[in-house]
Structures are given as structure tokens and as C-alpha cells.
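S.K.: What follows is the residue order along each chain.
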Amino acid sequence: MAIHLTKESKILVQGMTGGEGMKHTRRMLAAGTNVVGGVNPRKAGRTVDFDDRPVPVFGSVAEGVDATGADVTVVFVPPAFTKAAVTEAADAGIGLAVVITEGVPVHDSVAFLAHARRRGTRVIGPNCPGLISPGQSVAGIIPADITKPGRIGLVSKSGTLTYQLMYELRDIGFSTCVGIGGDPVVGTTHIDCLAAFQDDPDTDLIVLIGEIGGDAEERAAAYIRDHVTKPVVGYIAGFTAPEGRTMGHAGAIVSGSSGTARAKQQALEAAGVRVGRTPTETARQVLAALDAGA
Amino acid sequence: MDLYEHQARELFADHGIVVPRAEVTGSPKQAREIARRLGGRVVVKAQVRTGGRGKAGGVKLAADPADAELTARQILGMDIKGHTVHTVMLARPVDIESEFYVSYVLDRAAGRFLAIASAEGGMEIEEVAATRPEAVARVPVDPAEGVTPAVAARIADAAGLPARTVDVLVRLWDVLVHEDALLVEVNPLVSTRDGQIMALDGKVTLDDNARFRHARRGDEADAGHDPREAAAAAKGLHYVKLDGEVGVIGNGAGLVMSTLDVVAGCGARPANFLDIGGGASAQVMADGLSVVLSDPAVKSVLVNVFGGITACDAVADGIVRALGTVRLTKPLVVRLDGNNAERGRALLDERAHPLVEQVTTMDGAASRAAHLATTP
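Chains C and Z are the protein sequences, given in the same order. Mapped onto the working numbering, the consecutive letters of the first sequence carry residue numbers 114 to 407. Mapped onto the working numbering, the consecutive letters of the second sequence carry residue numbers 33 to 408.
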């Protein structure tokens with residue numbers, strides 16, 4: 114099963130013909146992803162060969178959807194064009210838009226997320242690595258060759274911490290890993306993914322990775338307490354971050370006494386979530402929880 | 033990016049919001065001149081990007097130009113919560129009838145902006161919200177609609193503000209949208225005895241991601257931080273100076289934050305945050321090492337890279353080539369894991385630099401770097 118992305122997903126890539134788009138489309142295809150087309154109005158009608166796999170380029174998302182039945186788009190376009198790209202995808206009836214682009218102005222995100230919500234399009238990101246259902250499909254830039262299919266679900270604000278945990282738990286494997294992104298405003302939250310993993314028959318345990326800034330983890334903790342019966346193991350980054358400084362991710366900032374790692378850890382622990390002190394210890398806690406449940 | 037009060041004041045004025053007459057200076061002598069121009073009696077306000085200036089003695093009333101010079105001399109150079117005062121703003125005092133609070137803040141969870149308003153201005157809004165939550169109105173703003181006069185009227189009504197504030201509420205929304213701000217706050221917004229609505233003090237946080245839309249906007253507001261931060265920013269690196277002795281370089285914001293925590297858990301303190309991103313080419317690695325090693329507080333450096341998108345042998349190659357251009361002066365602990373980790377480690381072993389050692393786990397590498405930094 115997996116969540117939000119399966120081997121049946123038909124994927125368009127907006128910005129496929131750019132540098133990052135080319136590189137990651139190639140990797141997505143190599144991982145078995147069903148990439149059905151790219152979108153670039155200036156290169157419509159052409160095809161791009163990825164190691165002898167021709168992928169057509171469409172002039173618009175709507176054309177791509179008409180021709181292929183695509184239901185997912187991965188967005189690699191530059192920040193200035195991201196709002197238009199997501200708006201176009203939502204108008205074309207795409208079910209899931211995965212926005213990899215980093216550096217999108219928050220006012221643009223607020224606008225396209227509101228628009229997508231009205232159109233019934235789920236957005237993951239912006240400023241995220243996307244998602245992977247190992248052995249089935251990759252939508253975005255998460256490396257496919259560091260883990261295997263399995264029964265752990267993972268949701269994270271951070272790309273590299275996701276990869277780290279995927280790798281540490283590569284002998285167990287994952288149903289789906291979702292990188293929701295590190296921006297202050299994102300389309301899909303920890304809670305959205307917790308709900309989906311709770312309902313996914315192929316997920317036995319959920320790993321939740323958070324970091325300083327905002328109160329998404331506190332909200333997730335409350336949701337876990339009230340709605341999640343599967344075991345959840347957590348990890349929070351940023352205990353040593355100084356107040357008022359942005360730590361790499363635009364949303365990773367402690368403001369006054371809010372958004373601290375300590376508060377997030379305490380909220381999760383109060384909801385019965387085991388929280389690891391390091392990524393490696395978090396992986397060990399996952400193993401212990403799976404052993405206890407077996 | 034947080035603006036100084038005087039920069040916020042200028043933005044407000046640009047959008048037609050009434051602000052007091054004021055000027056900025058870093059010199060006590062000029063403060064005297066400015067006070068004379070403003071009519072003699074002035075408020076002298078420390079320009080620092082932190083709250084609580086009043087309590088710290090950074091806001092004072094001066095009776096005449098001579099007093100303004102004296103007061104400016106006292107305030108300039110003052111330390112307010114770790115921020116040194118380099119400039120003061122002198123403003124003509126205002127005859128206040130009543131004080132209000134208004135702001136637009138980003139509601140991260142809801143993914144939209146929220147108007148917060150109160151008829152009890154002048155105090156910390158958190159205090160008002162804690163003691164009298166009913167006195168603080170919170171009105172979500174529909175991003176498609178924005179703050180029209182009708183919406184502004186609803187906000188004013190919910191907070192018990194006079195109808196005369198509607199115009200300012202609309203203009204303040206213009207500031208938020210047109211300047212790509214993440215926060216605009218006016219506290220206090222005052223009603224003067226002669227019937228004007230005036231923004232007496234304000235705070236604006238701009239969205240760094242939107243700089244490409246504001247070509248004229250300089251980086252001057254970021255100056256004043258550590259010089260290494262400026263050097264790193266010029267090279268496109270995200271570096272934050274911290275107080276410790278273990279230099280940290282890693283790929284990915286989350287992994288680097290996590291590395292700082294693990295170093296701290298080993299009994300040492302991280303000296304910095306430095307994310308070199310996914311690529312980790314020789315040039316980026318050399319730039320990163322130069323910045324970290326230029327910090328005299330650094331006693332050891334930990335490079336923590338997970339090879340996901342970029343394989344570890346490419347990262348190791350980057351480190352080896354960086355060692356050819358940067359003179360290593362402190363022990364360097366490298367942890368490579370992920371794709372092609374074995375090949376990457378072999379490359380570093382071949383280089384056999386006397387100051388470089390490898391530890392294969394993140395926890396082990398952090399512990400080793402902490403030990404090297406804290407053992408005399």
C-alpha cells in the first residue's frame with residue numbers, strides 16, 4: 114500500500130529539462146518510478162532520452178494530464194515561478210504536487226497552498242526532498258538505494274536526517290518516507306502523515322523527525338495521544354540552536370521561548386512517544402519497539 | 033531578517049502610515065543637532081533588534097539638545113541582551129491619548145496570516161494575552177481576499193479599536209504584502225490628542241526568500257553579526273557562529289543541527305553551524321573549512337556527511353582536494369556514511385593527513401571531536 118505514492122503513481126516533472134530536474138528525473142526513473150512526462154512550454158513536443166528511456170515534454174500540466182493520466186507532479190522550477198507552477202498543477206486537477214524548490218517566498222506559498230486546498234490538490238513541501246515508497250516509486254530527490262521496502266513509515270522536516278534513519282534501518286525497511294520540508298509554511302504536516310500511516314495496513318510503526326521552530330511537533334503530539342495506536346518513535350534536532358537565529362531551514366528558528374526542541378521533546382514524551390537523543394539511538398529505539406511488538 | 037525600528041518606521045511612512053518625526057545617528061554630537069531640529073525635547077531610543085529596550089534603559093526622554101547629547105552618549109555602546117547599541121533614533125515626543133496594539137503574524141500551522149489587535153497597547157502583547165486573553169482579538173486573514181476596508185473594520189471591531197484605525201490596518205497589510213514581510217507589528221499604535229492615528233514603534237521581519245523581488249534592498253540590516261558569518265554568506269554558505277570549541281561541518285540543515293546536539297551531548301560545545309548542502313564539492317569543502325578554521329575558539333573540527341544524493345567517494349575527494357588548498361591547523365574528525373562509504377573512507381586513508389582521522393559512526397565521531405577539543 115504505502116501512503117500518497119505507489120508504483121501506480123504516474124508522475125510529471127515540472128522543470129524536468131533544467132539541471133536539477135534532469136539529474137533527479139534520471140534517478141527517479143532508475144529507481145523504477147513511472148515518470149510519464151516533463152513540462153516546459155518552450156520545449157513542448159520534444160522528448161528527452163534518459164538512458165534510452167524517452168520521456169515526452171508537454172507544454173502545460175493540463176496537456177500532460179490529458180495525454181498520460183498523470184496524478185502526481187514534482188516541481189523543480191526556480192522560486193520565482195513556483196507559485197505559477199503549483200497553481201497550474203492544481204488547476205489541471207493533479208492530486209499530489211511535490212514541491213522540491215527551496216527559497217520560495219512565504220507569501221507565494223500561502224497563496225498557492227490556499228489555491229491547491231480549494232482545488233483538492235495535496236501539496237508536499239515546498240523546500241522538501243519529496244517522498245519515497247521504497248521498491249515502488251520516488252517523487253523528488255530522496256535516494257532510493259540506501260534502504261529497502263518494509264513496514265516503517267517515516268515523516269520528517271529534514272532531508273538528510275531522513276536519509277540517515279533510512280540507512281540506519283535499512284535491514285528493516287520502509288513503507289513510505291515523507292520529507293515535509295523545513296519552511297515555515299508547508300502543504301502537508303506531520304499530522305497529515307500520521308493519519309495516513311495510522312490507516313495504512315502496510316505500516317507497523319511510525320518515525321517522526323522534527324526540529325526547532327513553530328509548534329507542528331506539539332500539535333503532532335496531541336494528535337498521537339488522541340488518534341494514533343501504532344507505536345511512534347521520535348527525534349528532534351536543534352537543542353543547541355541559539356534563540357532568534359535561522360538554522361539552515363527557513364522555518365528552523367526559536368522565537369523567544371517558543372519553538373524549542375525541549376518543548377517538542379516533552380510534548381512527544383507526554384504523548385507516549387519514545388524520543389531518541391541521537392539519530393542512531395532513535396534507530397535502536399525503533400528496533401526495540403518492533404521487537405516488543407513482535 | 034528583522035529590521036531596526038527606524039527601518040520599520042521608514043517602511044510604514046512609505047506606505048502612508050503616520051509616524052513621528054525622527055532621525056537616526058551614531059554620534060552624540062549629531063544627536064544634539066538633531067534634537068535642535070526636532071524642537072529640543074526628544075525621545076532617545078536605542079536601535080537594537082531585540083525587545084525590552086525600555087526596561088534595559090535604552091529609551092529615555094531628553095529635555096533639550098544638550099540633554100539629548102548626554103543621553104545619546106549613555107545609550108550608545110550599551111549592551112542590551114547581547115546586542116551592542118550602534119545607533120540611536122531621536123524622535124519628537126507625541127501627546128498620547130490612547131495606545132493600541134496591531135500586528136499581522138504568520139500562523140504557521142494554518143498556513144496564512146493572522147491579525148492580532150488589542151485596545152491595550154504599549155505593553156508586551158504576550159503579557160496582555162496571558163493575563164487578559166479576552167482583550168486580544170485574533171482574526172485570520174483569507175489570503176485570496178487580504179485586508180480590505182471591510183475586513184479591517186471587522187478586525188478593529190473585534191479588538192475594540194476606534195473606527196479611525198481602519199485605514200492604518202489596511203495600509204499595514206500593504207506593508208506586509210508589498211514588502212514580503214513575515215511580521216509587521218505596531219506597538220503602540222496611538223491616538224494623539226490632536227486626533228491623529230500614529231505608529232509610535234514598530235517591528236518588521238522581512239522574508240529572506242523574497243529578496244529577488246526587492247532588488248534595492250541591501251544586506252545592511254544583517255551587518256553587526258560575526259564577521260565570519262558575513263564571509264561565509266558571501267561564499268553562499270549557511271554559517272551561524274556559536275560559543276563553543278568544536279567546529280562543525282555537515283550536509284543538510286537537519287543533520288547539522290543534530291550534529292551540534294550530539295557534540296553537546298558528548299560534553300563539548302559546538303563552535304558553529306555550517307551546512308554545505310548536498311553537493312559538497314572540493315571548493316565548497318575548502319570554503320567551509322577556511323571559515324571554520326578562521327575561528328580562534330575552534331579546537332577541533334568535525335565533518336559529518338551522509339552520502340545520499342552525493343556519494344561518499346565524491347565527498348572524500350572534495351575533502352582531499354580541499355586539504356590541498358587549506359592549511360589544516362586543528363585536528364579534523366571525519367565521519368562518512370551512506371552511499372560508497374567504503375570507497376570514500378579509503379580515499380581519505382590514502383591521503384593519510386596527520387591531522388585527519390576517521391570515525392565511522394556519527395555518535396563516535398562527535399565523541400572523538402569533543403574529546404580532542406576539551407583535552408588540553
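Read the hints as simulated data drawn from the structure, not as lab findings. Using N, Cα and C, we set each Cβ at its ideal position, and we do this for glycine too. Please note that the accuracy of each hint is not assured.
Claimed, not checked - Simulated restraints on C-beta separations:
| id | chain 1 | residue 1 | chain 2 | residue 2 | range |
| --- | --- | --- | --- | --- | --- |
| 1 | C | D204 | Z | A247 | 42 to 50 Å |
| 2 | Z | E389 | C | R375 | 29 to 37 Å |
| 3 | C | D204 | Z | R124 | 48 to 56 Å |
| 4 | Z | D258 | C | E133 | 38 to 46 Å |
| 5 | C | D328 | Z | E129 | 34 to 42 Å |
| 6 | Z | R53 | C | G208 | 33 to 41 Å |
| 7 | Z | R69 | C | D204 | 54 to 62 Å |
| 8 | Z | R124 | C | A193 | 37 to 45 Å |
| 9 | Z | A167 | C | R375 | 25 to 33 Å |
| 10 | Z | E382 | C | K261 | 30 to 38 Å |
| 11 | Z | D275 | C | E121 | 15 to 23 Å |
| 12 | C | K136 | Z | G356 | 24 to 32 Å |
Stated by the list, open to error - Calculated from the model, a selection of chain Z residues having no Cβ within reach of chain C, i.e. all distances over 10 Å:
| id | residue |
| --- | --- |
| 13 | A54 |
| 14 | R140 |
| 15 | R144 |
| 16 | A176 |
| 17 | T224 |
| 18 | N283 |
| 19 | Q315 |
| 20 | E382 |
| 21 | Q390 |
Unchecked claim - On the chain C side, residues computed to face chain Z include the following (Cβ under 8 Å):
| id | residue |
| --- | --- |
| 22 | P192 |
| 23 | A224 |
| 24 | D258 |
| 25 | K270 |
| 26 | R332 |
| 27 | A335 |
| 28 | H362 |
| 29 | A365 |
| 30 | I366 |
S.K.: Compare the structure with each hint and give your call.
M.R.: Hint check results:
Checked against the hint of 42 to 50 Å, the pair D204 (chain C) and A247 (chain Z) fails, with Cβ atoms roughly 30 Å apart. For E389 (chain Z) and R375 (chain C), the hinted distance range of 29 to 37 Å is satisfied, since their beta carbons lie about 33 Å from each other. For D204 (chain C) and R124 (chain Z), the hinted distance range of 48 to 56 Å is satisfied, since their beta carbons lie about 52 Å from each other. For the pair D258 (chain Z) and E133 (chain C), the supplied restraint of 38 to 46 Å is violated, since their beta-carbon distance comes to about 31 Å.
At about 37 Å, the CB distance of D328 (chain C) to E129 (chain Z) agrees with the hint of 34 to 42 Å. Look at R53 (chain Z) against G208 (chain C): about 56 Å separates their beta carbons, and that is not inside 33 to 41 Å. Range check, R69 (chain Z) to D204 (chain C): Cβ separation about 56 Å, and the 54 to 62 Å hint holds. R124 (chain Z) and A193 (chain C) have their C-beta atoms about 41 Å apart, which keeps the hinted 37 to 45 Å range intact.
Hint check: A167 (chain Z) to R375 (chain C), Cβ distance near 30 Å, so the stated range 25 to 33 Å holds. Our hint of 30 to 38 Å for E382 (chain Z) and K261 (chain C) holds, since their Cβ atoms are close to 31 Å apart. The given range of 15 to 23 Å is broken by D275 (chain Z) and E121 (chain C), whose C-beta atoms sit roughly 52 Å from each other. For the pair K136 (chain C) and G356 (chain Z), the beta carbons lie near 27 Å from each other, so the given range of 24 to 32 Å is met.
For A54 (chain Z), the shortest C-beta to C-beta distance to chain C comes to about 25 Å, beyond the 10 Å cut-off, and the non-interface label holds. Its closest Cβ contact with chain C, about 4 Å, brings R140 (chain Z) to no more than 10 Å, contrary to its assignment away from the interface. Not every CB of chain C lies more than 10 Å from the CB of R144 (chain Z), the least distance being 6 Å, so the non-interface label is violated. A176 (chain Z), annotated as away from the interface, has a beta carbon of chain C within 10 Å; the closest lies near 6 Å.
At roughly 31 Å from the closest C-beta of chain C, the C-beta of T224 (chain Z) stays outside 10 Å, upholding its exclusion from the interface. Separation of N283 (chain Z) from chain C is inadequate, the least Cβ-Cβ distance of about 6 Å not exceeding the 10 Å criterion. Distance to chain C confirms Q315 (chain Z) as a non-interface residue, since its nearest Cβ pair spans about 17 Å, more than 10 Å. Interface exclusion of E382 (chain Z) from chain C stands, the closest Cβ pair being 24 Å apart, more than 10 Å.
In this structure Q390 (chain Z) is separated from chain C by more than 10 Å, as the shortest Cβ-Cβ distance comes to about 17 Å. A hinted interface residue such as P192 (chain C) counts as satisfied when its beta carbon comes closer than 8 Å to some beta carbon of chain Z; here the least separation is about 7 Å, so the hint holds. Satisfaction of the interface hint for A224 (chain C) is found here, the shortest Cβ-Cβ separation to chain Z being roughly 5 Å, below the 8 Å cut-off. Given hint, D258 (chain C) at the interface with chain Z, holds; its Cβ is 7 Å from that chain's nearest Cβ, closer than 8 Å.
With a cut of 8 Å, the hint placing K270 (chain C) at the interface with chain Z holds, because the nearest CB-to-CB distance is about 7 Å. Annotation: interface hint on R332 (chain C) holds; nearest CB of chain Z at approximately 6 Å, less than 8 Å. With a cut of 8 Å, the hint placing A335 (chain C) at the interface with chain Z is violated, because the nearest CB-to-CB distance is about 11 Å. A distance limit of 8 Å between C-beta atoms decides the matter here; for H362 (chain C) the minimum to chain Z is near 5 Å, and the interface restraint holds.
At its closest, the beta carbon of A365 (chain C) sits 6 Å from a beta carbon of chain Z; the interface hint therefore holds under the 8 Å criterion. Below 8 Å, beta-carbon pairs count as interface contacts, and I366 (chain C) has none with chain Z, the closest being about 10 Å; its hint is therefore violated.
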